[in-house]
Structure formats: C-alpha cells, structure tokens
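*Asks:* Residues per chain are reported as follows:
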Amino acid sequence: MKTNQELLQERTERFTKTLALEKTDRTPIILMIDGFCAVHTGVKLSEFCSSVKRSSEVMLDSVKQLGDVDGVTSAFAVGPIFPMIFMAKVKVPGRELPDNMLWQLDEAEMMTPEDYDTIINKGWSNFMPSYLKNRLGFDFEGALEQLAYAPQAIQNFNDAGYLVYSPLVTITVNEYLSGGRSMSKFMRDLFKMPDKVEAALEVIQKENLEQLRQQIRAIKPQVVFVSPARGASEFYSPKLWERFVWKYIKETADMIIEEGVVCDIHCDGNWERDLDYFKAFPKGKAVFECDGATDIYKIKEKLGDRLCIKGDVPAGLMVLGTPDEVYDFCTKRIQDMGYGYILSNGCTLPANAKLENVKAMIAAATGK
Amino acid sequence: MNIIIFGGFLGAGKTSLILSLASFLIQKNLKEVHQNDQQEVQSPYLQSPYLVIIENEIGETGIDHKILRSGGYEVRELFAGCVCCTLAADLTVMLNEIADTLKPQWVIIECTGLAYPGNIADTLNRYGKHSDPIRIVTVVDAERWEELAEVAPILVEKQVQEADVVLINKIDLADDEVISLVEDRIHSINASAKKIRLSGSGMIPGSVWREITGANGSSEEVTEK
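These protein sequence lines are chains A and B, in that order.
Each residue of the first sequence is one higher than the one before, counting from 1 in my numbering.
Each residue of the second sequence is one higher than the one before, counting from 1 in my numbering.
Do not rely on the hints blindly, as some may be mistaken.
[Stated by the list, open to error] Listed next, the in silico DSS-like pairs over lysine-lysine satisfying Cα-Cα at most 27 angstroms (straight line): (1) B:103 / A:247; (2) A:23 / A:2; (3) B:158 / A:239; (4) A:368 / A:354; (5) A:300 / B:158; (6) B:129 / A:354; (7) B:158 / A:298; (8) A:247 / A:302; (9) A:206 / A:220; (10) A:23 / A:220; (11) A:302 / B:158; (12) B:129 / A:359; (13) A:17 / A:220; (14) A:359 / A:23; (15) A:192 / B:158; (16) B:103 / A:354; (17) A:359 / A:17; (18) A:283 / A:300; (19) A:206 / A:239.
[Unchecked claim] These stretches of chain A come out as covered by chain B in the derived footprint (C-beta under 8 angstroms, 3 or more residues): (20) 234-242; (21) 314-320; (22) 357-364.
No wet-lab data here; the hints were simulated from the structure.
Backbone N, C-alpha and C define an ideal beta-carbon position, used for all residues, glycine too.
The whole structure should be built from the sequences, with the hints applied where relevant.
*Replies:* Here you go:
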C-alpha cells in the first residue's frame with residue numbers, strides 16, 4: 001500500500017505531465033468542490049461557512065471518503081469571501097440564510113460612477129478595503145485573518161496525498177467593476193463611458209498584477225486560477241470583449257507564465273467565437289477550463305495541441321443524471337480528449353449532486 | 001402544471017410584468033372558485049397555492065413575498081452560489097419538488113438576465129416531471145435595445161431567438177421610430193414569435209396575458225403591476 005507521500009508524488013507527476021500535454025498512465029481527476037462536501041459529510045452549510053479552517057476540514061474529510069481523486073481545485077470554500085472577489089454582497093447560511101441554504105451573491109449597484117474617479121485618482125488599494133468595509137459591511141480584516149490559514153489547509157491536503165490544483169486565485173479586473181456596479185449598470189457604463197471604465201481598469205490592473213506577482217513569488221504555485229467569471233464571448237460584442245475582457249486575461253496570463261507558472265483560465269459560459277485568441281499562449285503553459293457551455297470538441301480542435309483542457313462535466317448531469325450516464329459521459333471525454341485533459345466538473349460541483357454520480361465520475365478516471 | 005419561463009436582460013422589467021401576470025392569474029382563479037362555489041363544487045386549488053413564482057434574478061429588487069402569499073401563491077427564491085452554471089439543474093429539482101408537493105396550476109420562472117431560457121426549458125423538458133409544454137416569454141427593453149444589442153449581441157439575440165412571445169417593454173420611454181426598429185430587428189431574429197408592445201409601468205391589457213396563458217375572458221380587463 002502506498003504512503004500518502006507516494007500517492008501525492010504519483011498524482012503530482014501525472015498532473016504535471018498532463019499540463020505539459022505529455023503521456024500519462026491515466027487521466028487525472030481534480031474535483032472542484034465545496035458545498036457538496038458539507039452535504040456529503042452531514043455538516044450544516046452554516047457550520048461549513050463559519051471559517052476557512054472549518055470548510056477545509058470538511059472538504060478534506062469528504063475527499064478522503066471519496067477515495068482516489070488526484071486533487072481538488074481549492075483547499076477551502078471561497079463562497080463566504082465572494083465580496084473580495086466580486087465586490088458584491090454575499091448572503092451566507094446561518095447569517096442571512098437558513099442553515100442549509102447555499103450562499104448567494106446579492107448583487108446590486110454598490111459602486112457609483114463617481115467611484116471610477118476615486119479609483120483613478122486615489123488608486124485601487126486606497127479604495128477597495130474601505131469599500132468592502134463601509135459599503136458592503138464586509139469584515140475585510142477578519143477575512144484576511146481567516147485566509148492566513150490557507151497554507152495550512154493546502155498542507156493538510158498534501159499530507160493526505162492530494163494535490164491542490166490552484167493555491168492562488170485571481171479574477172480579471174473587469175469583474176470587480178461588473179460586480180460592484182452590477183452587471184446591468186456595468187454594461188451601460190461600457191456603452192456610455194467606456195474611456196472612464198477603461199481608465200479605472202488600468203489602475204486596478206496595474207496594482208493587481210504587481211500584487212499577484214509578489215504572491216506567486218511567495219507561494220510558488222504550480223497553477224494560478226484566473227477567473228474571468230462573466231467574461232464569456234456570449235456576454236460581449238467582439239470589440240468590447242477584446243478591449244474589456246481579453247486584454248486583461250492576456251496581460252494576467254502573460255505575467256503568470258513569465259513567472260514560470262501555468263495559468264488556468266476559468267471559462268464559464270460560451271467562448272466559442274473567441275477560441276483563436278487563446279492560441280497566443282505557449283504550449284503547456286495555460287489551461288482552458290470549461291463548464292460544458294463551450295463545445296469541448298471545438299476547444300480540442302483549435303487549442304488541443306497547445307493548451308491543457310479541464311472540466312466540461314455538466315453541473316446538471318451530476319444532479320439529475322444517473323451514475324451510468326455520468327460514467328459514460330466521463331469515459332467518452334477521457335477517450336476523445338486524450339492526453340492533456342483533466343477530468344473535472346464544469347465549474348463547482350453542485351451541493352446537491354448525487355454521491356453515486358461523483359463516485360461514477362471518479363470510477364471513469366481511475367478505472368476502479 | 002403550466003410553466004412560463006420569463007427571460008430577458010437585467011433591468012428589462014421582468015419582475016413588474018411577472019407581478020402583473022400573477023395578478024391576472026389570481027383574478028382568473030378567484031372567478032373560477034366563485035363560479036365553482038355557486039355550483040357547490042370544491043375547487044382543487046383552494047387547498048394549495050394556485051401559482052408559484054420562482055425568482056432567480058440577480059441585481060434587482062425582489063418580489064414582496066408577504067403580499068404575494070396573502071394573494072394565494074408562493075414565491076421561491078433560487079440563486080446560484082456562483083454565477084449561473086448550476087441554474088438549470090437547481091430549477092429542475094425545485095420544480096419537481098413543487099410538482100410533487102404544492103401541485104400548483106401555474107408556475108412562473110424568472111430567469112437571471114444572463115440565462116438562456118431555451119437552455120433551461122431543454123433541461124426541464126429532459127428531467128422534469130411536468131407534462132405540459134413550457135412557454136418562453138422574453139422581455140426586451142425598447143429603450144435599451146440599441147445599447148444592449150451593441151454591448152451583448154449574442155446574449156440578447158439568443159434570448160429573443162428562443163421565445164414564443166417577445167414583450168417589447170418600456171415603450172413609454174422610446175419614440176415610435178425606435179420601437180418600430182426594435183420590432184423589425186426582433187422579427188428578423190425570430191419571425192415566428194408573437195411580438196407585443198407594452199409598458200410595464202402602467203396598466204397591462206388582459207389580452208396580453210390571455211395571449212400568453214391561453215385563458216378566456218373579456219378584452220376590457222386590465223391588470224396592475
């Protein structure tokens with residue numbers, strides 16, 4: 001029987017080769033999970049969300065019970081700290097919601113057009129913390145204190161033999177404003193005052209990249225997770241997408257790659273129109289992570305010789321499908337995608353996914 | 001169980017129109033109950049909500065649940081933890097539970113403005129327990145059409161493409177020439193959809209909701225939002 005350290009080494013090797021599009025013994029499986037683990041282990045979502053430490057403990061317990069997965073995307077649940085990512089309020093179980101209801105983004109127009117000027121004149125780091133505290137009522141210092149546990153959470157997974165796919169997470173800067181202004185108002189801003197939005201984004205991007213570079217050097221992750229959450233081609237015209245989404249994806253990914261790290265681009269929604277743009281990245285240095293909305297066969301056709309592909313197992317299938325359907329779907333993906341594919345959920349595994357479906361997904365990868 | 005899915009971009013006015021439709025359906029139900037009482041026939045809908053509204057919008061003022069519940073219908077909230085990748089599955093689970101427990105006559109689903117109602121209908125049709133056809137109503141903001149068609153052309157076009165009925169809303173905020181252009185554009189995207197001009201800020205003629213629900217009634221009825 002292999003020790004946890006031997007398992008971690010084996011899984012890391014499999015994963016590293018997959019990122020580089022090289023031949024492996026089998027397709028790696030990385031689960032993108034959070035709330036599911038609470039349901040799986042019988043822990044109330046309110047307790048799960050009470051701290052970074054608690055969510056991580058529950059997730060590790062759940063993964064151990066699930067068995068032979070290679071790793072998890074994150075070592076703790078990020079839902080409760082969504083305000084730091086989306087600049088919008090979040091309703092949390094046990095606080096604004098019943099104990100067993102999944103957290104919800106509570107998006108509204110919390111940033112004003114005048115805030116663009118403040119960001120431009122005073123800088124993002126002078127605006128953001130007070131915005132989170134005073135406008136969203138978010139305990140920013142408390143969240144930072146909790147996040148100090150993140151390295152230990154990652155270590156705990158590693159000690160148990162599992163890799164943590166992306167210890168470092170960032171978002172493309174347009175999402176800060178889209179969440180803070182609300183999607184509807186942000187769209188209007190792009191139409192009415194694109195230059196001002198762009199000027200604010202440039203300020204945020206500059207500070208963000210510098211901070212991210214320092215984090216990469218401190219943490220030395222293998223992969224950095226970049227989320228252009230609502231940046232899919234289907235949400236923007238080509239002109240606006242290139243100016244307000246792609247530009248920031250490209251700059252961020254280029255910096256990450258320059259630091260010797262692989263960049264995972266979390267592509268929720270349909271990106272089919274713009275797949276050719278991703279040919280700009282060097283072979284084996286970026287991952288196209290998809291959620292089933294972009295045709296994975298088109299991704300494979302256009303980018304398969306250059307980018308690792310991750311995901312595509314639909315959330316709906318995990319909730320509503322049968323274990324046979326899940327097994328067949330995953331097996332087909334593994335066969336059709338070949339090397340350079342990581343079997344994973346399309347975005348987060350729903351909290352109400354069926355346990356037998358998750359086991360079927362794992363079985364498809366491991367052959368057990 | 002009749003199901004109507006309301007789609008349309010954020011701020012198009014879906015919530016106001018859903019409230020108006022809900023009011024129309026409740027009035028219709030009260031009339032039926034009254035007629036049944038006179039004939040001493042027990043209505044099956046007196047024991048359970050006649051109408052359930054499932055809200056899934058982000059970034060907008062929600063429906064006042066207390067007011068609606070006193071009117072004889074239920075409101076369920078459904079928000080994805082992330083953006084909208086789990087929406088169709090969660091909706092199906094909720095709808096199946098509603099079909100098993102509440103057994104309402106009508107269910108109105110308000111989709112998030114970033115969702116494609118047709119994709120949601122596909123999932124509901126595949127995994128849902130209902131048997132009646134689903135109707136898709138897409139609400140378009142006449143005043144913002146030009147802006148949104150420029151900013152998010154794929155999204156707004158696909159939302160229109162999938163509709164059985166397109167409600168061209170906020171016509172009080174746009175001039176006739178703009179409204180005609182919007183209507184022509186919508187027709188070029190989806191020629192078969194019924195197009196109806198209206199203003200959700202005022203009174204909605206009952207004929208609009210009869211067109212969507214297939215209900216009978218007098219053409220003079222109006223419903224408030």
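*Asks:* Compare the structure with the hints numbered earlier in the document and write down the numbers of the violated ones, lowest to highest.
*Replies:* The structure conflicts with hints 1, 22, although it agrees with all the remaining ones.
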